[in-house]
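S.K.: Read off the chains here:
Number of protein chains: 2
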Amino acid sequence: MAEPYKLYYWPILQGRGEFVRLVLEAAGAPYIDVARLPEEQGGGFKPLVAFMQGEQPGHPPYAPPILVHGDFVLAQSAAICAYLGQRHGLAPEGEGERMHALQLQLTIADVADEAHNTHHPISGMLYYEDQKEAALAASRNFLDERLPRLLPYFERVLERSGGPWLMGETLAYPDLSLFQLAEGLAYAFPKGFARAAESTPLILALRDRVAALPRIAAYLESERRLPFNEHGVFRHYPELDAHPAE
Amino acid sequence: MAEPYKLYYWPILQGRGEFVRLVLEAAGAPYIDVARLPEEQGGGFKPLVAFMQGEQPGHPPYAPPILVHGDFVLAQSAAICAYLGQRHGLAPEGEGERMHALQLQLTIADVADEAHNTHHPISGMLYYEDQKEAALAASRNFLDERLPRLLPYFERVLERSGGPWLMGETLAYPDLSLFQLAEGLAYAFPKGFARAAESTPLILALRDRVAALPRIAAYLESERRLPFNEHGVFRHYPELDAHPAE
Chain A
1 MAEPYKLYYW PILQGRGEFV RLVLEAAGAP YIDVARLPEE QGGGFKPLVA FMQGEQPGHP
61 PYAPPILVHG DFVLAQSAAI CAYLGQRHGL APEGEGERMH ALQLQLTIAD VADEAHNTHH
121 PISGMLYYED QKEAALAASR NFLDERLPRL LPYFERVLER SGGPWLMGET LAYPDLSLFQ
181 LAEGLAYAFP KGFARAAEST PLILALRDRV AALPRIAAYL ESERRLPFNE HGVFRHYPEL
241 DAHPAE
Chain B
1 MAEPYKLYYW PILQGRGEFV RLVLEAAGAP YIDVARLPEE QGGGFKPLVA FMQGEQPGHP
61 PYAPPILVHG DFVLAQSAAI CAYLGQRHGL APEGEGERMH ALQLQLTIAD VADEAHNTHH
121 PISGMLYYED QKEAALAASR NFLDERLPRL LPYFERVLER SGGPWLMGET LAYPDLSLFQ
181 LAEGLAYAFP KGFARAAEST PLILALRDRV AALPRIAAYL ESERRLPFNE HGVFRHYPEL
241 DAHPAE
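Just so you know, the protein sequences line up as chains A and B, in that order. If you count by this note's numbering, then the first sequence holds residues 1 to 246, one letter each, in order. If you count by this note's numbering, then the second sequence holds residues 1 to 246, one letter each, in order.
Derived from the structure by calculation, the hints contain no laboratory data. Since the structure is predicted, the reported quantities are computational estimates derived from the model, not experimental observations. Beta carbons: idealized from backbone N, C-alpha and C, even for Gly. There are no misleading hints in this set.
What follows is a list of derived Cβ distance ranges for each label pair:
hint, chain 1, residue 1, chain 2, residue 2, range
1, B, E133, A, Q53, 32 to 38 Å
2, B, G168, A, E40, 35 to 41 Å
3, A, R156, B, R224, 29 to 35 Å
4, A, A205, B, I12, 37 to 43 Å
5, B, V49, A, M125, 35 to 41 Å
6, B, R149, A, R224, 28 to 34 Å
With the Cβ distance kept under 8 Å, some of the chain A side facing chain B (calculated, not the full set):
hint, residue
7, G96
8, S123
9, A134
10, E145
Non-contacting residues of chain B with respect to chain A, defined by C-beta distances greater than 12 Å in every case (computed):
hint, residue
11, I12
12, L13
13, L37
14, A197
15, R215
16, L226
Isolated chain A (complex conformation):
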């Protein structure tokens, strides 16, 4: 049996680690979500902090998520998703198509960063409450100006690919991430996302199609899937989703 992958990510939130978890789950790849183990089994925050302080062997990561496979250590969620996708039949064949999958993944990651910026515009290291005024302005701009440009872009990719997936007929890792993006935006901005997604039925259909994949459906029902909460990338603060016309 193959040695399981080890995923190092914050144990209490979905965050950027969730893009990786979804690829592992869709691939049916055995993995250990290390920080979710009990501390006496090497879990908790300690192994994450050790990585960030340069105390673990292998190529240095700046921050989680971190994938460890034997001696191989890889960070950056988009790079990890590409690596896993290529190893487990969840990436296209051929250099050009692989680059297109990476391009889509990076654009999804950019939108996730923008969504994070709505509640932490000044710094991820300060509390939300200490940057709430800026967060209100950032969220207004995100919902009014950004989502109405970003969602139609992915809709256009799905139109051009011929569907049902972003790369055409074959599921690839960016599809899993677009599912997560749609779920996260719907959690954070139930009203704002519903408005923006009215004109993007292909994205909503892709989201439902990913959720119905047998391995993903089983994962979403399991305790391995953490709930959305106010620690991750997508946070629900009702005041940030309020429309000024209301």
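Go by the hints and put chain B onto chain A.
M.R.: Then chain B, alone, in the frame of chain A:
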């Protein structure tokens, strides 16, 4: 002779396109910086806008930089740098090492995004003057809390690689981007960067080594290298670089 690459990027700023330009220049690859051509030769903003509105053929990009090579269309600066690096001997051989190069590139891109966020924390679509208060707070946090963590990370990568480059003995595309990051931070925050870089001599040595590469040295002297200015990722607003103790 090989067909030249076409780069589509804003003609008046370095921005994220500069990471791509540096790979093209270091590779000695023929390319046309399309938007810098006169409008009657197809230059200007028009071809960029056409791409963003989905009016050009090929795989859809969300935003510039966009690389066109024959029928192949690729967006996202990190993906373009990886693609060019792999084609022109500026990426490592082997899947694992290629992924490490991509990881480094993505981490450099994250720092560039954070640098952009210092002057546009609320939204890239609003004027600096309309978010100046938030920008002052974001810059303070970036210089006091973020750079002192981020620069030592790249210093540690250089220590572990054995140098002189991030991946060890062979120049690769992330080295060119780390040069650009250091140059950009030094332009935007001459005082803040000098303070943070005091403890990272390997980064400064790498920056000088890239600048001395014959093709890069020629490029930096040429008119093809646009100057830093207040339109790009790295902008110099003296008030954002001021230390509160001064």
